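Colleague: Assemble the complex: chain Z is given as a structure, and chain L must be docked to it using the hints.
Listed below are the residues making up each chain.
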Amino acid sequence: MKGRYLGISCLALILALLCSAATAADDEAGEGQKELLRISTTTSLYDTLLLDEMEDIFEEMYDVDVRTVSGGTGIAIERAEKGDADLILVHDVVRERKFIEEGYGLSRTCFAYNYFIIVGPEDDPAGIAGMNASEAMKTIMEQGIENPDLVKFVSRGDDSGTHAREKLLWDRAGLDYEEVATSDHPWYVEAGQGMGPTLLMTNEMEGYTLCDTSTFAAFRSDLSLVPLIESDDFLINVYAAIPVSPAAYPNTNCEMARNFINYLVSDEGQDLIAEYGTETIGKPLFNPARGNCDLIGCSGDECALPLAEDACSQASA
Amino acid sequence: MDEIAAGLVKAIELILALDPTVVEITARSLAIAVTSTVIAAILTVPLGGLIHFHNFKGKRAVVNIIQTLYSLPTVTVGLLVFLLLSRSGPLGSLGLLFTPGGMVIGQTILIAPIMTGLTIAALSGVGHSVRDSAVSLGATKVQAIFTIMMEARAAMLAAVLLGFGRALSEVGVAMMIGGNIRGYTRVLTTAIALETSRGDIEFSMALGIILVSISLIVNLLVNRVQGNWWV
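Chains Z and L are the protein sequences, given in the same order. With our numbering, letter number 69 in the first sequence gets 69, and the count goes up by one each step, no holes. With our numbering, letter number 72 in the second sequence gets 72, and the count goes up by one each step, no holes.
Excised from the complex, chain L in its bound form:
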């Protein structure tokens, strides 16, 4: 139990000292997670909208598949992308294995199902009266869709935040695709795994505390922005 307290002390030490290794690892963690989230959002919000606003045969099945993919183990996504990006795999010539770029690809694939599914859920939560009112006020189809999306923005933001959280704190993809290479693909989660297996529990705990703190700061920032939206 005193490892937790020792870890907390070490975390504060590392932050105050701006330890260069920790700063580098943290910046990389953030950069990769944010990039993955942004790309995934660009892809999944329209996709979620498309699926929600159209009725087609097999829509129920598609939504079911998306929801099933929420539980994709990170190591499995890691393994699949590894097979794709390996030199002896189909995309081997791109040389993306063991690079941050490869990690972004893997994490984007990992969080896409959650973000798509929650976008659909968010849009489903908007009452029909909103669409009806918009249409009766003379909105075009596009304007109506936009209005509905604005109504659902809180829930959609939650979807994006969840995707970001998952990307930031996952180990499977980061380890398999990134390889935890010092100075190049080492991120907070893989560093935690390494330090734990090396027995440096204190340092490992400190990194964990830093990771959670980052999450907290991001959430606070986003809430601030949300606050401004809700005038």
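Only chain Z is shown next, with the shape it has when bound in the complex:
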């Protein structure tokens, strides 16, 4: 009899401890009544863990709790449109402008860039080496239709920033994306996943894909794919920060979002971006926007400049 009660009380005690741990974790966030900054970003930026490092530094600078959620660019922007974020860090200028025009975003600030590259099997069955990006895509399609077992293209297929750039490339080659992507064509594969899993899939299928340099560098050792098209002005991938506008969500933490952006474009922030990656893989994963505004097509006010003190109050006026 005693053993039974002992057993039950032990279990009950453990349960009680764990339940209080769960609620305590919630309390911790509220106890110091720390300010909160909610960032919504894309996987291609987040998965490099650059933001984790910047978060740690920023949290100390401002005694704030930074919470970052990532996903494809589509859902990253959607979360902000629903008011679940104070700041977005994404890389799709078309959707960024729309976000601002529709009143959700305050302003755009470019802070970093890297490149998209087209990667493929070393023996380059479609023979795209040396072409410009759009020509290469067109050639892959033509070769793929003729010979789907030999030549394949793997798309992100997930409405991400990378996927958006892929669509633009098809567009630039004079092709209708809808026609390209119809399921009749076995050469075109839609992964529907993040960049990493897409790369692994491309590797398995010995196909081609569009990828950002940072993710490719991170996965390089697991892949037998090589970069085939690397230099094309159209492949520049610019990351921008947009605070959510108080006009859309009066309770958004615009001031802290502004502080974060100002940190991103400060000398320390831009230096950190310029060096990030050199320790782990020997070369930087990103380039700072500072000094490269013309190259990345980011003009005047939008390029690596801090936001004014009254940027947020102006908006809610």
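I should point out that these hints are in silico values taken from the structure, not numbers from a laboratory. Remember, predicted model here, so these are calculated numbers, not experimental data. Cβ coordinates follow ideal geometry from the N, Cα and C atoms, glycine included. Just so you know, not all the hints are guaranteed correct.
[What the hints assert, rightly or not] Using C-beta positions, here's what the derived DEER-type ranges look like: (1) S124(L) - P250(Z): 49 to 59 angstroms; (2) S221(Z) - V23(L): 24 to 34 angstroms; (3) A6(L) - S313(Z): 50 to 60 angstroms; (4) L223(Z) - L8(L): 23 to 33 angstroms; (5) S88(L) - E53(Z): 26 to 36 angstroms.
Modeller: Okay, now just chain L, sitting in the frame of chain Z:
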């Protein structure tokens, strides 16, 4: 294949070193899963009992619906609760999205159908002779119900364990409602998803092994208690 072996080695390393990040993630996983299971049990055991012990029009339909809900995809529950808890949703002012509290709500909803349905199944498995004997020995309605529930306790415990297992190892709700926020809502399953998509297969495998080990320990503990009950 050597990733599995490498993962096993890494798992042992992480456990022995009591790696702070892994400990934090594991504790959070457990806390959220246990809380969800306890709340769900408090709600579903009486509910299951109510449904089983009463005959009402449409009882068959209700049981059917509950059993259909066993197959609710975790991402769908995640999406529904996300729409509820988002700032622009009806419960937005509670600020529960991307918090552990929100995850508990989501997981409780997720495992409730299984626990209700299996409670009903457990009670159905008790022979009529038990109720008849209890009544003939002078038991009141409440005492009879209690006796039947005690008879079914093994199967009901199995229902609770299943609910716990589902809560601990699901990704859909944890990811959509929790957001995998480092230091705040990251749990074992979402960490595994992140590390896999980052290409860190070894670490990902290690976390998976740790998750299964936790499950094993919980099961052993519960069996121990069960053992004591069955004198």
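Colleague: A separate judgement is required for each hint: does it hold in the structure or not?
Modeller: How the hints compare with the structure:
1. S124(L) - P250(Z): 49 to 59 angstroms: holds (54 angstroms)
2. S221(Z) - V23(L): 24 to 34 angstroms: holds (29 angstroms)
3. A6(L) - S313(Z): 50 to 60 angstroms: holds (54 angstroms)
4. L223(Z) - L8(L): 23 to 33 angstroms: Check passed, 24 angstroms falls within 23 to 33 angstroms.
5. S88(L) - E53(Z): 26 to 36 angstroms: holds (31 angstroms)
The structure meets every hint from the earlier list without exception.
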